[in-house]
Amino acid sequence: MTSRGLHRLIPHRGGRRKAVMLGVIGTTVVLGLGATMVPLLADDDLSIAVVADTTATAVPQDGDNSVKTTLATCPAPCDGNPRGAREAVLTFLVTSLPANAVNVRATLRVHAWQKFQATVTAHESRLDARAARPVPAPLGAALDTVSGVAKGFNEWDVSGLVTGNGIWTLSLAQAGLDSRIYWASGENRNADLRPRLAISYD
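When we follow my numbering, the leftmost residue of the sequence shown carries the number 155, and every step to the right adds one.
Among the hints, erroneous ones may be present.
Ranges between beta-carbon positions, derived for each pair [claimed, not checked]:
#1 N257 with G294: 20 to 28 Å
#2 G234 with V256: 44 to 52 Å
#3 A212 with V256: 38 to 46 Å
#4 I321 with P231: 28 to 36 Å
#5 A352 with Q215: 33 to 41 Å
Lysine to aspartate or glutamate pairs mimicking DMTMM-like chemistry, simulated, CA-CA at most 25 Å apart [to be verified]:
#6 K222 with D356
#7 K222 with E309
#8 K269 with D356
If you're looking for bench data, these hints aren't it; they were derived computationally from the structure.
Computed from a prediction, not measured in an experiment: that's the story for all the values here.
Virtual Cβ for every residue (Gly too), placed ideally from N, Cα, C.
Using the sequences and the hints given, assemble the complete structure.
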């Protein structure tokens with residue numbers, strides 16, 4: 155608000171009283187602007203949507219996993235099939251980190267609809283998350299493990315891989331339960347359930 159605008163808000167009064175009122179209103183305006191700007195300046199968190207995901211499997215009957223609304227994980231044997239292992243593969247494109255960002259912390263968040271007594275580990279991956287049905291390959295370095303799948307979002311610390319801007323691909327591998335667990339994919343109709351990469355930095 156300009157000085158002229160402030161003057162229009164105040165009826166004609168003595169010089170001293172008018173100056174005091176202008177000072178009070180001016181301070182209020184500045185504080186109001188400050189309160190609006192502080193959250194924007196203090197919020198260094200990013201939420202990155204998955205750009206591609208699929209389920210890696212050697213089971214041809216699974217079809218095109220890159221367009222399904224769910225991802226699946228399962229060890230071998232899976233549901234009695236010795237070649238039925240499945241891995242969820244996810245790729246994220248990070249472009250918004252400032253060049254001077256330090257202490258980057260990245261968390262993978264993927265939604266499951268039920269609780270399971272299973273262990274799921276996030277790994278580095280060289281698989282193509284755009285492929286219809288990539289064949290499972292030897293797993294990359296383990297990043298973090300969830301012991302016991304929760305209903306809702308499950309989280310893995312993947313800061314060991316995601317260190318800045320770039321294209322990052324991860325896979326989820328399951329152990330301890332020889333049956334499939336389904337997860338929401340980037341194609342899920344409910345956008346709130348889709349996989350995300352949460353990033354914070356200093």
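| Looking back at the hints listed earlier, which ones does the structure fail to meet? | Checked against the structure, the hints that fail are numbers 6 and 8, while the rest are satisfied.
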